[in-house]
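A.B. asks: For reference, the chains in residue letters:
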Amino acid sequence: MRADGPLLEVTDLVKHFPIASGVMRGREIGRVRAVDGVSLAIGEGESLGLVGESGCGKSTLCRTVLGLVEPTSGSVRFDGRELAAASRRRPPAIRRQMQMVFQDPYASLNPRKRVSQIVGDPLTIHGVATGAERDRVVGEALDRVGLAPAHGDRYPHEFSGGERQRIGIARALALDPRLIVADEPVSALDVSIQAQVVNLLEDLRDELGLAYLLVGHDLGVVRQACDRIAVMYLGKVVEVGPADAVCSTPIHPYTRSLVSATPIPDPGLRGRGDRVVAEGDAPSAASPPPACRFHPRCPRATGLCAELEPQLVGHDDGRFAACHHPLTGSAASD
Amino acid sequence: MAPPLLAIEELRVGFATEAGTVRAVDGVSLTVESGRVLGVVGESGCGKSTLAMTILGLTRGEGAEVSGRIVLGGRDIAALDESALRRLRGAEAAMIFQDPLASLHPLQRIGSQIVEAIRAHRTVARAAAAARAAELLREVGVPDPERRLREYPHQLSGGMRQRAMIAIALANEPRLLIADEPTTAVDVTVQARILALLDRLRRERGMAVVLITHDLGVVAEVADEVAVMYAGRIVERGPVERIFADPQHPYTWSLLASVPRIDRPPARRLAQVGGRPPSLIAPPAGCHFRPRCPHEFDRCSAVPGLEPRAGDPGHLDRCWLDPERKRELREAAASAGIEDGR
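First to last, the sequence lines map onto chains G and B. For the first sequence, the positions run 1 to 334 when this note's numbering is used. For the second sequence, the positions run 1 to 342 when this note's numbering is used.
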């Protein structure tokens, strides 16, 4: 029987990386606050997109959820159970249910192994299936992603980028997971191939009831593939809500900046007057600005934003945003 | 009307391999006028980067067999020898690449790299060149340029490095800038600023830009003209508004339909092209897109010429389908899209 609560629940997750000085093991002179107090929940069969600029902590968050890096503090619950920080201390039955798909389909497949081995290895490692049973599961996983069983005898270099990404997805599916964490799964692919992989992820969700935590930098792709979107800035979630609402009427000025900067393939909309792209570059996560981290780049910032950190508060339609001057109602039209 | 700044005629680039000759560029003709941006779009392996590199003679060292004419400012530069090409590169025509970290020298300060670019083509005192370098950095929107001049590439953020590379490319006020995926490796907010910068430079300096990209959104933002490449050939070319509003080639249709748009509720499914791009060693006879095209018919076994078929003399395509039939097919696809919730 499955628990009623969310499938994955992340609460106050913090991951700081120490910055050491000195040649050998020096003293700590600072900390990169990669993830700095993030809370998120993903329901069974739900897909949550995580967007933000490079360095905002979205990849670190994924890896912490999977136990690949140990958090500094905070909790990760899966199916109602508190999980140990490190993957190796988590029960294998839980580890099987959370699988990862990587960004680079060239670097994430061992070039010396046949596809059947790549997809079948997790089954052996987890002691789930051997021999003919293993072959059957591998064939089924390949079939699910649109590859023929005969492809199992080939090596990764014989496949195109899109096909390799399918192999990576088949490997994640082999253990029959409930949650797939995908870090930029389509960024390295051409648009038409990207469409194939996005469609595949959606089909798998419908057929298998998979939940996704999907990291992306392309808001269009994330909107297409996800039910909800969480926007991160310098280690914090600044806005979260239904994908359509977040993209069409952003509440946080940073979300609006991301939406404005995303090109729309329609020359008729060129120079659209509503563009508000944040000035300057994001500061380093080693020395984030005080209070609201976006305030030095924010067109709406006031003295309050430099003094008091805004908390995530609820807005209409199941949305949350951390901003003292949210873009809601009439305020959104400026 | 003045002749175009850049005119490429029947350009072919082949690379000999053990398996046969890879025809990366297979008879490409195009023109770019001063102050205009030509967007060249297509997927990986369609030959767009080879085209860009060949314009400046950068494929010569790789054993490319090149034929055709590349006329820049009235001079056929395909015929120039290496030393003449070296004088041209960085002066009359410059290039920027996708990855600034790989294009900048890691052990040289930003300032000395810009100064070197200036002094490679002009006799200028070092101090004057350094002052000019600071000016260039300011012009491309790098804050605190004096400080940045003394820094090394690794000390700059990705967007800052990309702008430093643009500053180097602009050092000698080229009339033509070739930009190969200049924003693919940067975040969207940085991308928006770099595209705005390119747009300003072409307006203020009358610089012509060839923008190579796989991103149709980027093309829609800044290009005046678009050339769609598939398997070494241009399959459609025309003014940007026409390409997006009335695309003529089925490959262009599928490219446009496969891009998820942020300004619309999602389609139930994205359009996808089945199959994979053809081998450039032994491409299919006739239309290269034929094996993947849902609308192919017997005429497609002959290569369609790049001709105006849609009623606009500036809008060319390589597709045998009757324009009227194309309109019907596209309308049918669009109404199916509405049923899908588009």
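The set of hints was computed from the structure by calculation and includes no laboratory data. The beta-carbon is built from N, C-alpha and C at its ideal position, and this holds for glycine as well. Among the hints, erroneous ones may be present.
Listed below are several chain G residues computed to face chain B (Cβ distance under 7 Å; list not exhaustive) [as the list claims (entries may be wrong)]:
#1 E158
#2 S160
#3 D190
A.B. asks: Tell me the numbers of any earlier hints that the structure contravenes, in ascending order.
C.D. replies: 1
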